[in-house]
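Which chain is which? The protein sequence lines are P and F, in order. Each residue of the first sequence is one higher than the one before, starting from 1 at the first, in UniProt numbering. Each residue of the second sequence is one higher than the one before, starting from 1 at the first, in UniProt numbering.
To be clear, the hints were calculated from the coordinates, so they are not data collected in a lab. The structure displayed is predicted, hence computed values, not measured ones. Just so you know, even glycine gets a beta-carbon here, dropped at the ideal spot from N, CA and C. Treat the hints with care, as some may be off.
Claimed, not checked - Going by beta-carbon spacing under 8 Å, a handful of chain P positions derived as facing chain F:
(1) Leu-695
(2) Cys-715
(3) Trp-782
To be verified - Calculated cross-link-like contacts (lysine to any residue; reagent style SDA-like; alpha-carbon spacing at most 25 Å):
(4) P:Lys-567 with P:Leu-733
(5) P:Lys-128 with F:Tyr-2
(6) P:Lys-765 with P:Ala-788
(7) P:Lys-456 with F:Lys-192
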Amino acid sequence: MNVVTPFEGIGASVKRKEDLRFLSGRGQYTDDINRPGQAYAYILRSPHAHAKITSIDTAAAAAMPGVLAVFTGADTAALGSIPCGWQIHNKDGSPMAEPRHPMLAEGKVRHVGDQVAVVIAESRAQAKDAAEAIAVEYEVLPAAATMEAAQAPGAPQVHEGVAGNICYDWHIGDKAVNDAAFAAAAKVVTFETTNNRLVPNAMEPRAAIGEYDATTGDYTLYTTSQNPHVIRLLMGAFVLQIPESKLRVVAPDVGGGFGSKIYHYAEEAIVTWAAGKLGRPVKWTAERTESFMSDAHGRDHVTKCSLALDANGKFLGLRVHTQANMGAYLSTFAPCVPTYLYATLLAGVYTTPTIYCEVKAVFTNTVPVDAYRGAGRPEATYLLERLVDIAAAETGIDRIEIRRRNFIPNDAFPYQTPVALQYDSGDYTATLDAALKAADWAGFEGRRAEAAKRGKLRGIGCSTYLEACGIAPSAVVGSLGARAGLYEVGTIRVHPTGSVTVLTGAHSHGQGHETTFAQLVADRLGVSVAQVDVVHGDTAKVPFGMGTYGSRSLAVGGSAMVKAMDKIVAKGKKIAAHLMEASVEDIEFERGTFRVAGTDRTKSLAEISLAAYVPHNYPIEELEPGLEETAFYDPKNFTYPGGCHIAEVEIDPDTGHVQVVNFTAVDDVGRVINPMIVEGQVQGGVAQGIGQALLENCVYDASGQLLSGSMADYCLPRAEDLPAVGVATHTTLCTHNPLGVKGCGEVGAIGSPPAVMNAVVDALKSYGVRHIEMPATPPKIWGIIHAARPAMAAE
Amino acid sequence: MYDFAYHKPTSIADAVKLLSADPDARPISGGQTLLPALKHRLNKPSALIDLSGIAELRGIRREGDKLVIGALAKHEEVANSAEVKAAIPALATLAGTIGDTQVRNRGTIGGSVSNNDPAADYPAAVLALDATIVTDKRRIAADDFFQGMFTTALEPGELLVAVEFPIPEKAGYAKMRNPASRYVMAGAFVAKTKSGVRVAINGAGPGVFRQAEMEKALAASWSPDAVAGIKQDPEGLNGDIHGSAEYRAHLVTVMAKRAVAAAG
Numbered sequence: 001m002n003v004v005t006p007f008e009g010i011g012a013s014v015k016r017k018e019d020l021r022f023l024s025g026r027g028q029y030t031d032d033i034n035r036p037g038q039a040y041a042y043i044l045r046s047p048h049a050h051a052k053i054t055s056i057d058t059a060a061a062a063a064m065p066g067v068l069a070v071f072t073g074a075d076t077a078a079l080g081s082i083p084c085g086w087q088i089h090n091k092d093g094s095p096m097a098e099p100r101h102p103m104l105a106e107g108k109v110r111h112v113g114d115q116v117a118v119v120i121a122e123s124r125a126q127a128k129d130a131a132e133a134i135a136v137e138y139e140v141l142p143a144a145a146t147m148e149a150a151q152a153p154g155a156p157q158v159h160e161g162v163a164g165n166i167c168y169d170w171h172i173g174d175k176a177v178n179d180a181a182f183a184a185a186a187k188v189v190t191f192e193t194t195n196n197r198l199v200p201n202a203m204e205p206r207a208a209i210g211e212y213d214a215t216t217g218d219y220t221l222y223t224t225s226q227n228p229h230v231i232r233l234l235m236g237a238f239v240l241q242i243p244e245s246k247l248r249v250v251a252p253d254v255g256g257g258f259g260s261k262i263y264h265y266a267e268e269a270i271v272t273w274a275a276g277k278l279g280r281p282v283k284w285t286a287e288r289t290e291s292f293m294s295d296a297h298g299r300d301h302v303t304k305c306s307l308a309l310d311a312n313g314k315f316l317g318l319r320v321h322t323q324a325n326m327g328a329y330l331s332t333f334a335p336c337v338p339t340y341l342y343a344t345l346l347a348g349v350y351t352t353p354t355i356y357c358e359v360k361a362v363f364t365n366t367v368p369v370d371a372y373r374g375a376g377r378p379e380a381t382y383l384l385e386r387l388v389d390i391a392a393a394e395t396g397i398d399r400i401e402i403r404r405r406n407f408i409p410n411d412a413f414p415y416q417t418p419v420a421l422q423y424d425s426g427d428y429t430a431t432l433d434a435a436l437k438a439a440d441w442a443g444f445e446g447r448r449a450e451a452a453k454r455g456k457l458r459g460i461g462c463s464t465y466l467e468a469c470g471i472a473p474s475a476v477v478g479s480l481g482a483r484a485g486l487y488e489v490g491t492i493r494v495h496p497t498g499s500v501t502v503l504t505g506a507h508s509h510g511q512g513h514e515t516t517f518a519q520l521v522a523d524r525l526g527v528s529v530a531q532v533d534v535v536h537g538d539t540a541k542v543p544f545g546m547g548t549y550g551s552r553s554l555a556v557g558g559s560a561m562v563k564a565m566d567k568i569v570a571k572g573k574k575i576a577a578h579l580m581e582a583s584v585e586d587i588e589f590e591r592g593t594f595r596v597a598g599t600d601r602t603k604s605l606a607e608i609s610l611a612a613y614v615p616h617n618y619p620i621e622e623l624e625p626g627l628e629e630t631a632f633y634d635p636k637n638f639t640y641p642g643g644c645h646i647a648e649v650e651i652d653p654d655t656g657h658v659q660v661v662n663f664t665a666v667d668d669v670g671r672v673i674n675p676m677i678v679e680g681q682v683q684g685g686v687a688q689g690i691g692q693a694l695l696e697n698c699v700y701d702a703s704g705q706l707l708s709g710s711m712a713d714y715c716l717p718r719a720e721d722l723p724a725v726g727v728a729t730h731t732t733l734c735t736h737n738p739l740g741v742k743g744c745g746e747v748g749a750i751g752s753p754p755a756v757m758n759a760v761v762d763a764l765k766s767y768g769v770r771h772i773e774m775p776a777t778p779p780k781i782w783g784i785i786h787a788a789r790p791a792m793a794a795e
Numbered sequence: 001m002y003d004f005a006y007h008k009p010t011s012i013a014d015a016v017k018l019l020s021a022d023p024d025a026r027p028i029s030g031g032q033t034l035l036p037a038l039k040h041r042l043n044k045p046s047a048l049i050d051l052s053g054i055a056e057l058r059g060i061r062r063e064g065d066k067l068v069i070g071a072l073a074k075h076e077e078v079a080n081s082a083e084v085k086a087a088i089p090a091l092a093t094l095a096g097t098i099g100d101t102q103v104r105n106r107g108t109i110g111g112s113v114s115n116n117d118p119a120a121d122y123p124a125a126v127l128a129l130d131a132t133i134v135t136d137k138r139r140i141a142a143d144d145f146f147q148g149m150f151t152t153a154l155e156p157g158e159l160l161v162a163v164e165f166p167i168p169e170k171a172g173y174a175k176m177r178n179p180a181s182r183y184v185m186a187g188a189f190v191a192k193t194k195s196g197v198r199v200a201i202n203g204a205g206p207g208v209f210r211q212a213e214m215e216k217a218l219a220a221s222w223s224p225d226a227v228a229g230i231k232q233d234p235e236g237l238n239g240d241i242h243g244s245a246e247y248r249a250h251l252v253t254v255m256a257k258r259a260v261a262a263a264g
């Protein structure tokens, strides 16, 4: 009999099963896959932000050595548009503007990096050589490089027929109630900010291989995707018109995504379509330079907001006006990020009774913008947590105290916010108290004084954040404009001798699902982690799935597995009852053992499974043989992880350099399956949050050229930029999923930026600083110090 | 990258012969600048002349009051050399801060000096220490060698063989890195040499340059305070998304002060 050890089930820091292949260089990523007869695609991209293509001459390129084909927009114009998966409606009820997003440019390019033509050749080098021989004549047009430029009178038109370059003008909340709250306020605090545009930079660049079997008509796409079933649906149904039964999508090992690999990209359709045209597999792999100009970017909001308070610092109302940059085309989930993943989070952990938020989404001549780790929630959290700190400073109320006064109390759950969401559980005071203690907030002034002796400006800041993840109830998101359900699918296959294969629609690209999910199954079915294999990322193996994003894999995918395991146990009980000649009602199941209640008569899961597959003594009239069950789980609500992050920084006043010297995270992610993996997820998220706060910034010039188009100019955090991140959890269980889990993938990136920026502002409070925009780079900080005290420039 | 011919000569004479015969051929040592340029198709040499097989270009040795470093000495070798640490510790420290571990184990002093990237580290040391550039044809004083952005006194086909550093009484280096590329935003190498105090500024301008006012002040009083009040004129300095010319000018003073403090 297999008995799970207490060290392998839920709550154990089991070492990651997948790390043997990853750490020994034996992962199989898309670019590691080579198919017989494979050719290579190279995509010629626009050097201009906005231009008419007056002519393309591909004859010389087509005649180059090794070239198999050259395709342009003229060849693909009859194919579908790269689809958008979410439709937002304007204030007046009309649908958003949704211009065509072609696979290859059709007469016009709209951002630097827009794909103009594709060369397919015997080798990558030949394809690249030939691409240089394509003669493209452009008529360069003025570019709308920023949202401001796109909305100026007489602005360049990114898409014909999209008035003012506005994709949508949306709102949420009751404006009249909100206005009344502001009219009655004792104090109104106002603040404007830009949430800096980020480039995701997964370690593995995107890649895709298309393959076509002319004898069967079957297409296969290998791709760097977070959700292969969704890609199959979007590309098959909307772009290439290939039925699902004839299209297999495989997302093998994927080296990081952070959201950027959720979307259906043109390159996937190009290689699949070209493979069909040529009858040969076609591989495309992005170079890092291409990643910068073709992976969906993140964030890029400009916001004005106001907080109304009463005389005691209670929040009476919040008013937010945001402009969100969509880039040149609508990426798959772009429209929902600044709306339902953003505005609905503006209550945060506070009892603010009325919230009104308007969001204008704007097309510009830049790379499309979509969800990036946190997706809308970091933008909301940053806004709110900076605003609360500013309100504290301007009311004279301590910044911790003002938070406590406004927290949603523990007895208020389920708590209905004024912006649609209903929080199920949380304990914001507990996470705050735990973080204050772990960070020694009380002892900070001593550390500030000690740093001052060393000539350093030290500051401390916190954020008490909340996010919504585990997306999502299908009916709810459907009513909000989602064009797909957001359930998840899990299959539990118990093999004849008791080992287990799990098929999941979630996709692991660094999260450690092969371990976490195995622990879940081990805990429930009483097998060892080694006996559980997790299969994901292949539409030919996994029945269906919606993929991994929005910290949903465990909350939704894990719950589907639990549901499937419940079916396994129910069937197993019937088999056990038959074998032990007892009534089904009398069979108990615990950790791998079926027992007749109150007796010592037992059957192991392996014995039951063997009986199911070798049904010699089996209730064959009532039960089908085999022990495999599939469940679709549709969540009842979002989950609401939250907590408190505290950052401590030191600033070198001579150079303006900011170093994060301490970071404490206390997160409520619900039940923790593997604490080690949770710690790693939080640390990775915090690293990206510190990156956004201090280092990362995607910069375009006025003509729409991407200035931060390589690692030499786009600053990713390095080890020396990061402190040791103290991670702790405080658990309140999610009340509506069977595991009580909430999700941990994004909390780090959501909670940390405002904590860092609140610390930076705190460090500079003697300079009268009210707010500093992200990223807090050395010249920016030096400029503030220098402006305040020019005399100290070289002290 | 584009196709190119590849040669691996084993003597300076053979290398020079190959370079002289083909004006489009390029020498390569560590390749830390040239290889990325080739990969981005920004450079199209007809041939690469790989210098790594030339024993005459190797070695770090003390010759009287000079330290002679062969062109092929890798940054990591200079950083860890007992000779360098004993004679000019600031030079070893500088070499240990170039790029990252991978770069330091490929990049060479000869490549860095002859490339003369304005944001490279070595040119500041070469200029401040009044070093002599030894080529296959002649000896060139540092003051005559660096001629602005990516430009040096090297003639086409001329090969840098070694750099001779007179051993200073004191020397120190400090820099602020560009946060993204980790090249130098602004750096200062200060040295008290037999020929006087010399201050070389890198990163901040279009090429490494000497800061005369700071040299004068330090000659009068060797202390961080002596340079603390000297402002660098931002006119002509670099400005980009990582920092304005004014910011870099400010950093010049800060780094000079720190370099003097580091020199002791």
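Checked hints:
1. Leu-695: Constraint on P:Leu-695 satisfied, holds at 6 Å.
2. Cys-715: At 4 Å from the nearest chain F Cβ, P:Cys-715 passes the 8 Å test, so the hint holds.
3. Trp-782: Holds: closest Cβ of chain F sits about 6 Å from P:Trp-782, inside 8 Å.
4. P:Lys-567 with P:Leu-733: Satisfied, since the Cα-Cα distance of roughly 24 Å is no more than 25 Å.
5. P:Lys-128 with F:Tyr-2: OK: P:Lys-128 and F:Tyr-2 at ~10 Å, within 25 Å.
6. P:Lys-765 with P:Ala-788: Roughly 11 Å between the alpha carbons, so the hint for P:Lys-765 and P:Ala-788 holds.
7. P:Lys-456 with F:Lys-192: violated, 30 Å
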